[in-house]
Amino acid sequence: MAAGWRPTADRPALAAAAAVRRRLRDFLEARGYLEVETPQLSAAANPDPAVEPFAVAGDAGPLWLATSPEFPMKRLLAAGSGPIYQLARAFRREEQGRRHNPEFTLLEWYAPGAAPAAFIDEAVALIVAGLGEEPAVTWLTYAEAFRQSCGVDPHRADAGELAEAARAAGLTVTGMEGESDPRPWRHLLQSCVVEPALAERGLVVVTDFPADDAALARLRAPGRAGEPAVAERFEIYLHGLELANGYHELTDPVEQRRRFEADNDRRRAAGQSPLPVDEHLLAALEAGLPDACGMAMGVDRLIMAATGATAIEGVLSFPLNRA
Amino acid sequence: MASYSTNELKNGLKVMSDGDPCAIVDVEFVKPGKGQAFTRVKLRNLNTDRVVERTLKSGESLEGADVMELDLQYLYNDGEHWHFMHPETFEQYPADKAVVGDSAQWLKEQDTCTVTLYNGSPIIVEAPNHVTLKVTETDPGLKGDTAQSRTTPATLETGATVKVPLFLDEGEVIKVDTRTGEYVGRVKE
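Chains as they are written, first to last, in this note's numbering: chain A, 1 to 323; chain B, 1001 to 1189.
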């Protein structure tokens, strides 16, 4: 392809991207966050089966490219850094499409001592600042978002009920036959039904995820008997585009190790190689991670929204197929 | 036939779906940041032209369809089949009414058409974008009206009916855009 050397983002898009990054930095600097950098190569990796890291041949054994800067940033928090942020490159295999490039930019920031509601309010203000416009803001629980768009209770529905909701929504699905775990069914509905239904609603904050989708968030015990425990995890959508994902961070080293091991068990069951867990992170949690909220935002997607680009190529200088 | 995994799917690829050959017309990768990935494809059924959407879990695959597009020369119609010939191998391919469809009205012997074969048999016949055809009949009653914007229906040598300017006479040759069915211009012989 003769034109393959050319960038896919034009000059105005590059300028808009630079302006978005500058506004994000200005916002966080003004609020006392310290900009940090952490390694992108590590001998440990996040074993979450839904995120596949790139392996790199290192001099003393295999290394992995960071799928997010979360673990080293938490080690900085445990060492007493105070509020920190990073504009980091992250790398995830097999993620390529209109909204995905395997190499992308995350803004990740942590606020020790912040309460989740105040932290989310600040995150919304950060997005508004980065975007340069002020969309309507709606808060929904995960359960409300599902009830409104697919009419199911995501905390209680089993795989069969979720599969029926997918059928009712007109989805024809291959590869899920006999799948009895409700999680992938929820992820299907989330991507194909719930998210599109949020497209007309501006900024939507979704809170209180199912406990089995906690990832690295704390669990909150039910307020009333008979209610499900929920994960203190939150996501922010902009015009139906998943923009940011945050947690009231898990600080318990025993629970963290248990989740890593469960992740590796799921990797083995799915035929994926298990990954070396981050012992430095576990040691940092052992030493004491302050109570903190943290969030990661897809900066390329925010720039897409700011420029009206419909595909991520439109805001990247060179997507992977031209890199 | 090869099969294509979700990460190999792209627009234009011909695959099987529900027993029919289809062309992929849209591919979208969807995935919650921390969740199961899926690939959503829109497929145009090459037999019915209907577009359906399918969602595949990442790592699933679709069977390739034995479909190819060839430029074939239209030879003749025997009353039941339209016969096409490969210009180099001279192999002939008969296509029936259901396959030729609306393209039939534009087919003139010797013209080259794009024919889509599935398992070696035609399933789609596309007339050339532009054809030059002789006017065999036009309404003479309106002769003398020279206004450029007025048109009248004319029947062409292949049986097609096209709106043409009033100044055209029977026996003249015109160029028609088969995609819109519109008169393009007069062709001087």
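Treat the hints loosely; a few may be bogus.
[What the hints assert, rightly or not] In the DMTMM-like style, the derived pairs of lysine to aspartate or glutamate whose C-alpha atoms are separated by at most 25 Å in a straight line are: (1) B:Lys1057 / A:Asp213; (2) B:Lys1057 / A:Asp265; (3) B:Lys1042 / A:Asp213; (4) B:Lys1057 / A:Glu103; (5) B:Lys1042 / A:Glu164; (6) B:Lys1034 / A:Glu29; (7) B:Lys1034 / A:Asp59; (8) B:Lys1057 / A:Asp26; (9) B:Lys1057 / A:Asp212; (10) B:Lys1042 / A:Asp265; (11) B:Lys1034 / A:Asp10; (12) B:Lys1057 / A:Glu286; (13) B:Lys1010 / A:Asp181; (14) B:Lys1010 / A:Glu161; (15) B:Lys1057 / A:Asp121; (16) B:Lys1034 / A:Asp26; (17) B:Lys1057 / A:Glu161; (18) B:Lys1175 / A:Asp212.
[Unchecked claim] A short list of chain B residues far from chain A (calculated; beta carbon distances all over 10 Å): (19) Gly1035; (20) Arg1050; (21) Leu1075; (22) Lys1163; (23) Thr1180; (24) Glu1182.
[Unchecked claim] Label-pair restraints from in silico Cβ distances: (25) A:Pro12 / B:Asn1129: 46 to 52 Å; (26) B:Asp1071 / A:Ala323: 33 to 39 Å; (27) B:Tyr1076 / A:Ala323: 24 to 30 Å; (28) A:Ala118 / B:Val1051: 34 to 40 Å.
Honestly, the hints are just simulated from the structure, not real lab data.
Since the model is a prediction, treat every value here as computed from it, not as a measurement.
Backbone N, C-alpha and C fix where the C-beta goes; we use that ideal spot for every residue, glycine too.
Here is what the structure says about each hint:
1. B:Lys1057 / A:Asp213: At roughly 18 Å apart (the allowed maximum being 25 Å), A:Asp213 and B:Lys1057 satisfy the hint.
2. B:Lys1057 / A:Asp265: holds (20 Å)
3. B:Lys1042 / A:Asp213: violated (29 Å)
4. B:Lys1057 / A:Glu103: Holds, at about 22 Å.
5. B:Lys1042 / A:Glu164: holds (21 Å)
6. B:Lys1034 / A:Glu29: violated (28 Å)
7. B:Lys1034 / A:Asp59: Violated: B:Lys1034 and A:Asp59 sit about 31 Å apart, past 25 Å.
8. B:Lys1057 / A:Asp26: Roughly 41 Å between the alpha carbons, so the hint for B:Lys1057 and A:Asp26 is violated.
9. B:Lys1057 / A:Asp212: holds (20 Å)
10. B:Lys1042 / A:Asp265: Distance of about 35 Å is beyond 25 Å: violated.
11. B:Lys1034 / A:Asp10: violated (31 Å)
12. B:Lys1057 / A:Glu286: violated (38 Å)
13. B:Lys1010 / A:Asp181: Not OK: B:Lys1010 and A:Asp181 at ~30 Å, beyond 25 Å, violated.
14. B:Lys1010 / A:Glu161: At roughly 32 Å apart (the allowed maximum being 25 Å), A:Glu161 and B:Lys1010 break the hint.
15. B:Lys1057 / A:Asp121: Violated, because 35 Å separates the two Cα atoms, which is more than 25 Å.
16. B:Lys1034 / A:Asp26: violated (29 Å)
17. B:Lys1057 / A:Glu161: Cα-Cα ~18 Å, so holds.
18. B:Lys1175 / A:Asp212: Not satisfied, since the Cα-Cα distance of roughly 66 Å exceeds 25 Å.
19. Gly1035: It is violated; B:Gly1035 is separated from chain A by about 4 Å at its closest Cβ, not greater than 10 Å.
20. Arg1050: holds (13 Å)
21. Leu1075: Check passes; 38 Å lies beyond 10 Å.
22. Lys1163: Since the minimum Cβ distance to chain A is about 38 Å, B:Lys1163 lies beyond 10 Å and the statement holds.
23. Thr1180: Non-interface label stands for B:Thr1180: nearest chain A Cβ at 28 Å, farther than 10 Å.
24. Glu1182: Its Cβ never comes within 10 Å of chain A, the nearest being 32 Å, so this holds.
25. A:Pro12 / B:Asn1129: 46 to 52 Å: violated (36 Å)
26. B:Asp1071 / A:Ala323: 33 to 39 Å: Because 37 Å falls inside the window, the suggested range holds.
27. B:Tyr1076 / A:Ala323: 24 to 30 Å: Since B:Tyr1076 and A:Ala323 have Cβ atoms about 54 Å apart, the given range 24 to 30 Å is violated.
28. A:Ala118 / B:Val1051: 34 to 40 Å: The hint (34 to 40 Å, Cβ to Cβ) is violated, given that A:Ala118 and B:Val1051 are roughly 47 Å apart.
Checked against the numbered hints above, the structure breaks hints 3, 6, 7, 8, 10, 11, 12, 13, 14, 15, 16, 18, 19, 25, 27, 28 and satisfies the rest.
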